[in-house]
Amino acid sequence: MKVNDIHEKLMAEFGDAVGPLTEPKIDPFAVVKGDRIVDISRFLKTTLGIELDHCNVISGVDWPKRNVIEVVYHLFSYRHRHGIVLKVEADRAKPVVPSVEGVWKTANWMERECYDLLGVEFTGHPDLRRILLPDDWEGYPLRKDYQEHGGYHGISNERENPLVELRRLDEKRKAERPPAAPAPQAAPPAPSTPVAPATPAKA
Amino acid sequence: MERLILRRVGKPEDEMLINFGPQHPSTHGVLNFLVETDGEVMKRAVPEIGYLHRALEKIGEAVSYPGFMPYTDRIDYVAAMFANEGYAIAVEKLLKLEVPPRAQWLRAISCELCRIASHLVAVGAMASDIGASTPLVHALRERETLNDLIEALCGARLTYNYHRIGGVAYDMPTGWRDRVLKYLDHFDTYIQEFDRLISFNAIYVKRLANVAVISKAAAIDYGLVGPNLRGSGMDWDVRRDAPYGAYPSFNFEVPVGRGFQGTIGDAYDRYFVRMLEMAQSSRITRQALETMPEGETMAKVPRKIKPEAGEALSRVESARGEMAYYVISDGTDKAYRVRARTGSFTAMSIIEDISPGLMVADLIALIASFDVVAPEIDR
Amino acid sequence: MPVNYSPPPKSTPKVIVAVTLAAAAGIPFLFLGLVLLLTPVLKPATIDGLLSNAGIDPSWRTPAYVAALFVLALLMMNYGAIFSGVITWWERRVAGRIQSRIGPNRAGFGGFFIFIADAVKMLLKEDLVPADADALLFRAAPYFVVTGFALTFVVLPFGHSLVVTDLNVGVFYVTSVTALVVVGILISGWASNSKWALFGGVRAAAQVISYEIPAGVSIFVPIAMAGTLSMQGIIRAQGGLPWEWFVFRNPAALIAFFVLFTSQLAEANRTPFDLPEAESELVAGYLSEYSGFRFALFFLVEWGNIWVLSAIVTTLFLGGWQIPFVSAEYIDGLRGAGVLPSLAWWGWNAVSMAVFTAKTIALCNLVIWLRWTLPRVRVDQMMGLCWKYLVPAAFACFVFTLFWELAVSVAPRIELVSGVGFTVIAVVLAVLFARRVHQNIQAVQGEKIDLSNW
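Residue numbers (our numbering), protein chains in the order written: chain F, 1 to 203; chain S, 1 to 379; chain A, 1 to 454.
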């Protein structure tokens, strides 16, 4: 079954909860209404002939310009070898999306990751807590406007520009190095004004 | 600070809560399992991940498209070739780029060699976790030779950075083909030696057969991929069923768990599927070397890679199963979003649900049979 | 700044080779020689004789006995410790060979002095006691373990007359003092106040106590065949030739031999029964919190126990020190009437010691070989093996042996028939095995078998 056919079936079942399929530039997708995502998922998984049993990946994407956070579901069927990409848009200020954990178990951790890194709240998720970051981490790093805060429990995540440090080391080494052996033909006085002979002094 | 997880696990008087990690000999990296045990039997093992989280997806948004390629190596440093390949394919999809055939063949060869190397670590480490230390050393010895071959190809032994957007970095050096063929001749007999060494050892079979059985339905539901999925009896391989690159031209079999020594989907099936896959990888490499086309190894790629706005998903069959890259472009020279879906992450998610009733030693067998690599879980 | 390691020498300097070879030959010979010389000389009867010969007042007898005991105790402790060290070296070389790597090769020729280097390293390390540990018990546990190990040397018969004391309950003495080791391990597991250590300690207790039963029952078989509990008595009831050994003289004894060997492996916490310290499961089990010399003591016992278990199995089933074609009574007769025995007696004693040591080393090799080949069993499988298979098998062997001995008293010929039959089978199996090994090596290496990288 082609993507268009799956999409048509979805349209027929859920009407205006399912948006139009984008033009197939690379991977077409359809935006669906967030509050119907669980029904749509269950429909896609259980309907004979569609059976999208493999929830490949659930990812979150932050779009500050459109003021939405997208949750993208890449679904696939092992039996029929077809798939569809669904997107749910959530308000950026308070992103809430129903959890599809009850449909695909693998959504459990993927939604947790999405919550962890983008702050999308999945209602109905049995165990929604941070997964990659520590429980007391502040902020959602994958949001576009995320600002690193100075550190975590006293562990600084800021450091000087390494190039500055390297230059300082360089100068220190130069200062420690004994002055280049005076050229024999050079005049003995005036050591403070290196005449810069043909040999490069600062190799 | 009361940790959420501790509240959740609880701590009745007659049970022991063990922190299985983050430093532990058999967690294959930095992982932590909160194990609730009643004596030797586990009530539950809750994985705690994130110790190796390096925000690679965030980095992907900050560097240019080719600049992210070395970072992909770090997603899975045991089988870095696939992480390279997946990302390259995703960006090529965005660019609508055709990769020259020779480059595709080289990709297949490098990936299959890398798969053998990765599976050698997997089966060796598994034997070591079960208590036999010799197979690991033998497997690592073979992997050294493979690393030498890959080093001759791309100059690196671990983080290859070999695949490029539009092709591969280097053509194969002169004489390399014969070296690989000679090694594969040795390797095909070596697999039998390894089988004799450990695969059919009675204690080993007893430790793995019928342990941590995952049904086909559960494996699909939890999104297990690759050898873990095939070990559960699901006949699916991205290389064959959703082909990419040069794979449609090769003739190979996909080993599937059949309950080799016990139930379908037990730890032994996951182990033995890997053993069989190594032989198939060797077969694919031979075919690729024989049918290698002439030509360029790089497509014409603009100096500054700026795909038009859009999004693409690439799926490759990594050593740890299907690896998917979801790349969104907004028309600039940096990706808007890079998402890597890895096999280890989903494999970890099933552990909490199948751990009750297993013994502590079985947890080791379970982790080892999933062949999880901590950086791939955490990214 | 790159660190410049001095390049390894192309070949080992001759001095180091000489010193190592001297030590490798000298250390065992020194200790075996001391055992050979001192154990007969320091017997009370000999001391009495020497004192009266020298005309010393008999009131010096007691101090002389005490001094003799101290000398023997020192000798046995060092014998156990040094041989355990040599076995660690041997194990690591064998492991290297099995795993196609080199193994220790720096300290001395072939790395022979690695055990001394290890001991020095361990001595210099900080002796840590965890803050929440039970400090007293934590410190005491290694001594329990070492005591249990060292006491076994009292009754081990090294040769014809070379035994510290031939207790008339020797076998039971051994099984009871080795149980001290598990007390130490349990204490260490509990006192460490670590969950891994506790796991290891409890596993060790469950394992060792369970396997005491098949071990104890299978020991009844040689006891029933010899009619004595004395270690020397059991050896004297056997002979020097394979069909005179207990292991072949009785079909049940053959099974009992395997039961005892397996149980002893489990009691010594060796692979495949190394669950108490299973490094991939329990980090290091009961050893987790130990460091420095206390850690070294545990390891000394672990490797020393290989020697002890091999020696016990050799004694009970493999004819001990019995020399082929030379009867024990013949050596007895050579002793002569003097205070000190005759030279020929010493010579045959040395030969008997060599026989005993060779058999023990062969068994040690087997133990090491098993460790680097087999995976570890799971705890329930370990228990199942013990209670479902080994204990019933041991009891069956014992009962069968009783009937067998009745049959032997009627028809003495059956012992010889069984002995010769099993010997022939064993030889055939050994030949087949050697041919198989040869084929396997040839498959990998071709015609020329290369042993140069030893």
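If you're looking for bench data, these hints aren't it; they were derived computationally from the structure.
Treat each hint with caution, since some may be false.
[As the list claims (entries may be wrong)] Covered stretches of chain S, as calculated for chain A (at least 3 residues, CB under 8 Å):
| no. | segment |
| --- | --- |
| 1 | 125-138 |
| 2 | 201-212 |
| 3 | 311-321 |
| 4 | 361-372 |
[Stated by the list, open to error] Subject to a maximum C-alpha distance of 20 Å in a straight line, what follows is the list of computed SDA-like cross-link-like pairs (lysine to any residue):
| no. | chain 1 | residue 1 | chain 2 | residue 2 |
| --- | --- | --- | --- | --- |
| 5 | A | K388 | S | K58 |
| 6 | S | K216 | F | D170 |
| 7 | A | K195 | S | L17 |
| 8 | S | K96 | F | E23 |
| 9 | S | K58 | F | V68 |
| 10 | S | K216 | F | V68 |
| 11 | S | K93 | F | V68 |
| 12 | S | K334 | F | D145 |
Every residue gets a Cβ at the ideal spot worked out from N, C-alpha and C, and that includes glycine.
Hints and how they fare:
no., hint, in the structure
1, 125-138, "holds (count 10)"
2, 201-212, "holds (count 5)"
3, 311-321, "violated (count 0)"
4, 361-372, "holds (count 3)"
5, K388/A with K58/S, "violated (57 Å)"
6, K216/S with D170/F, "violated (61 Å)"
7, K195/A with L17/S, "holds (9 Å)"
8, K96/S with E23/F, "holds (16 Å)"
9, K58/S with V68/F, "holds (18 Å)"
10, K216/S with V68/F, "violated (37 Å)"
11, K93/S with V68/F, "violated (26 Å)"
12, K334/S with D145/F, "holds (16 Å)"
Hint violations for this structure: numbers 3, 5, 6, 10 and 11, all remaining hints satisfied.
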